[in-house]
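Below, each chain spelled out in residue letters.
Protein chains: 4
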Amino acid sequence: MQANETKLRVRYAETDQMGVVYYSNYLVWMEVGRVEYCRAAGFNYRDMEEEDGVLLAVVEAQCRYLHPARYDDEVIVSTQVRKAGQRGVQFGYEMRRAADGRLLATGETKHLFCGRDLKPTRLPAKRHAQFGL
Amino acid sequence: MQANETKLRVRYAETDQMGVVYYSNYLVWMEVGRVEYCRAAGFNYRDMEEEDGVLLAVVEAQCRYLHPARYDDEVIVSTQVRKAGQRGVQFGYEMRRAADGRLLATGETKHLFCGRDLKPTRLPAKRHAQFGL
Amino acid sequence: MQANETKLRVRYAETDQMGVVYYSNYLVWMEVGRVEYCRAAGFNYRDMEEEDGVLLAVVEAQCRYLHPARYDDEVIVSTQVRKAGQRGVQFGYEMRRAADGRLLATGETKHLFCGRDLKPTRLPAKRHAQFGL
Amino acid sequence: MQANETKLRVRYAETDQMGVVYYSNYLVWMEVGRVEYCRAAGFNYRDMEEEDGVLLAVVEAQCRYLHPARYDDEVIVSTQVRKAGQRGVQFGYEMRRAADGRLLATGETKHLFCGRDLKPTRLPAKRHAQFGL
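Residue numbers (my numbering), protein chains in the order written: chain S, 2 to 134; chain Y, 2 to 134; chain R, 2 to 134; chain Z, 2 to 134.
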């Protein structure tokens, strides 16, 4: 699947006293990007958790901060699957300011498919196509 | 039991672009106060959830903001049980700046005892004394 | 002005281990509601801060939790001005689950207009109409 | 300077519906680690911002998640300066469960010294020794 784009607006709660978005919030936006990527790929991440008992546990996250996002900015989160296998998946992200397309941050996260007990598992066959396997 | 005091330090993450602590974080501090109140009363809130399957669901929360807390301030959260019954409990809070005792905020929360299904339940008898019943 | 409605989707970050939205996040949603109320009333809250140097400092917040919001729920935040004067404003909120209209929470916040020094000030005359004065 | 250790307790607010700490919160803990590192090195990060007008802007952050932290766990954040220069500084972190020393996560952040306008600047000479320059 192509990269999926979703838009969000910076909340006052997400700023800090430096006058810009606090750095951990970009990881929350990546999560929003992942969820919307799944929806665009034809399934609810919530259903995968509830029906299949399969969770996406994060094993690594990285973010490069290029330009600060500010309160009330509209931000476009572009999300794609970089790699996927039966045991895990890797997402890449670009976060841009909607007003002028300026690149604010890039990131990536690596995940393992886990059961409710947080032990590694394999992606059920019915989900393979949804992750491009 | 008397009011229990616990101390925390304001995190950068908790500030906003106004240069002071964002207002929802005081509710997080009240939660920290509740947990430490329980510990001082002789039990872990975690054990109540894990062993008894009893959760404290919030039904109402209120906060009055008197003076802004700032980054790196030490804050003393003073917590007490205002009312308790077999079905629920009500906590009151005072949040003061440690440096000079200045009152920053007061609050209160009302809770119902619930099972893991979030349906109302009664406090197990073995916990009564811990809530002053 | 009538109540303004805005929609948001519950983020994974907003849930807690009880499996529902953590209670302080409803105050963040109220802030989202306020900002969108202002936009619908014809002005950006950001501009009021940046151009006029007028901030909305919270002096009281209250929330009643009626039914838990869950991950991935769409929530409609309905916001209205309950009272407004030259020195402050009071907002009321209703938060409903979009899928079935179920009322999840109600809340209210009281604010004072302040300068950048967080000292009380009066609302500039050019903003009066925007707050219904 | 040696690595500095600081202890914190996992808040309910920091968990998610997976029953473990939500992944962005480890970045908040790294910030707590940085601040306490500075205090141990003999200065308040707050003073650097207020008196010198020098801020530590984040340009990159990374976290590897090895074992999930859970509600009410005590976590030891061990922080050290990996590299420092007049233009920036790089911190490394280890987060361990206090009860048994189990390594939960490792991370690193890269920062540039900036002025209040968020433009790059150099670390004032009086601070050099504090960053080991």
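To be clear, the hints were calculated from the coordinates, so they are not data collected in a lab.
Note that the coordinates shown come from a computational prediction; the quantities given were computed from them, not determined experimentally.
Treat each hint with caution, since some may be false.
[As the list claims (entries may be wrong)] With a Cα cut of at most 30 Å, we get these calculated DSSO-like pairs of lysine-lysine: (1) Y:Lys127 x Y:Lys8; (2) S:Lys8 x R:Lys120; (3) Y:Lys8 x R:Lys111; (4) S:Lys111 x Z:Lys111; (5) R:Lys111 x Y:Lys84; (6) Z:Lys8 x S:Lys8; (7) Y:Lys111 x R:Lys8; (8) S:Lys84 x S:Lys120; (9) S:Lys8 x S:Lys127; (10) Z:Lys120 x S:Lys8; (11) R:Lys120 x Y:Lys120; (12) Y:Lys8 x R:Lys8; (13) S:Lys111 x Z:Lys127; (14) Y:Lys8 x Z:Lys8.
A quick look at each hint next to the structure:
1. Y:Lys127 x Y:Lys8: Holds, at about 29 Å.
2. S:Lys8 x R:Lys120: Outside the cut-off at roughly 35 Å; violated.
3. Y:Lys8 x R:Lys111: Judged against 30 Å, a Cα distance of about 27 Å means the pair holds.
4. S:Lys111 x Z:Lys111: holds (20 Å)
5. R:Lys111 x Y:Lys84: holds (26 Å)
6. Z:Lys8 x S:Lys8: violated (37 Å)
7. Y:Lys111 x R:Lys8: Answer holds: Lys111 of chain Y to Lys8 of chain R is near 27 Å, not above 30 Å.
8. S:Lys84 x S:Lys120: holds (21 Å)
9. S:Lys8 x S:Lys127: Given that 30 Å is the threshold and the Cα spacing comes to 29 Å, the pair holds.
10. Z:Lys120 x S:Lys8: At roughly 27 Å apart (the allowed maximum being 30 Å), Lys8 of chain S and Lys120 of chain Z satisfy the hint.
11. R:Lys120 x Y:Lys120: violated (45 Å)
12. Y:Lys8 x R:Lys8: violated (37 Å)
13. S:Lys111 x Z:Lys127: violated (41 Å)
14. Y:Lys8 x Z:Lys8: holds (13 Å)
Comparing the model with each numbered hint stated earlier shows that hints 2, 6, 11, 12, 13 do not hold.
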